[in-house]
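If you read the protein sequences in the order shown, they are chains A and B. Sequential numbering of the first sequence, starting at 1, is according to the working numbering. Sequential numbering of the second sequence, starting at 1, is according to the working numbering.
Bear in mind the hints are in silico, worked out from the structure with no lab data behind them. Positions of the beta carbon are idealized from the N, C-alpha and C atoms, including for glycine. Heads up, a few of these hints could be off.
Facing chain A, a subset of chain B residues (Cβ under 10 Å, in silico) [unchecked claim]:
| id | residue |
| --- | --- |
| 1 | T12 |
| 2 | V14 |
| 3 | T62 |
| 4 | F70 |
| 5 | R72 |
| 6 | L75 |
| 7 | G88 |
| 8 | R91 |
| 9 | A103 |
| 10 | T112 |
| 11 | S127 |
| 12 | D140 |
| 13 | L156 |
| 14 | H159 |
| 15 | V162 |
| 16 | T174 |
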Amino acid sequence: MSVHGDEAWLDGDAGRLVRPYAVTNGRTSATVQLDLLSMVVATGGGTHNSLEPDHVQALGLCLRPASVAEIAARLRLPAVVTKVLISDLVDCGAARAASPARSSSDTSNQVLLERLLDGLQRLL
Amino acid sequence: MAYNDFSNPFPTTVKLLVAGGFGVGKTTFIGSVSEIEPLTTEEIITEASVGIDSLDGVTGKTTTTVAFDFGRITLSQNLILYLFGTPGQDRFWFMWDELSTGALGAVVLADTRRLESCFGAVDFFESRGIRFVVAVNEFDGAFRYEPDEIRAALDLKPHVPVIMCDARSQRSATAVLVSLIQHLLEAAMTSSQH
Chain A
1 MSVHGDEAWL DGDAGRLVRP YAVTNGRTSA TVQLDLLSMV VATGGGTHNS LEPDHVQALG
61 LCLRPASVAE IAARLRLPAV VTKVLISDLV DCGAARAASP ARSSSDTSNQ VLLERLLDGL
121 QRLL
Chain B
1 MAYNDFSNPF PTTVKLLVAG GFGVGKTTFI GSVSEIEPLT TEEIITEASV GIDSLDGVTG
61 KTTTTVAFDF GRITLSQNLI LYLFGTPGQD RFWFMWDELS TGALGAVVLA DTRRLESCFG
121 AVDFFESRGI RFVVAVNEFD GAFRYEPDEI RAALDLKPHV PVIMCDARSQ RSATAVLVSL
181 IQHLLEAAMT SSQH
């Protein structure tokens, strides 16, 4: 899904016309623990009345599970700002999010490593 | 739809890092293996600024925007690999800790024309105990070295794999990732025997 310039309030090379933290009303911390690889997905429910255009756009980017990093990149917003938007979506029930399982960074997890190796070798 | 099924788990996401000096081909490497055009995410960092721009000993704070590229490889319906390029400039070292949190391993890309530009990455991963492979991006016109010469020049431990690669090639870059996972797997099997 591509983000069109007018939707993101972008002016070509000038970038966003709104300062990043204006999107979050100056809030810099998310109420939900999120990192770049946290996965987010729209629930199809929740109360949407108080959502700003940026929230709606973020929601549109996670109709299928998407990482915080991807949503931030497609919104062209810093990750820290994107996390605040996503936590708003989680708070109002419009999305749910999960941080990567600890097991996915466990270098002793042989089952995971075998799956990765198998998947990568198929791409060769 | 899957997203209405609350019992449906999210796919497992795995993070690998692609590090190396500025201009060594990190984004090229990521682009070769990624199923999406490499994306750029920005992070806003607040740094204490001291020295040249402080007035009367007042320490100010500056915010810096650090951009880093990443790509994605969906290996199966429930396993997604993300490759994050570390910022190449030395002054963004403080970002590395955050990026490396939760990373399974790393590729250090090296350019034989300026091998010293990857010293920092090697030092960082060694000090953090993050396993890595060194992939020598063979630029056209650069002198060709043997892997052992690179190993000696970088003072690498004997178990660290050194692989020659062409970051522009999907197959070559994928082979580097295979080497990294094999390296991790060998280490995991060795440690489970003790």
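Problem - Hints the structure fails to honour - result: Violated hints (numbers, rising): 3, 7, 8, 10, 11, 12, 13, 14, 15; every other hint is consistent with the structure.
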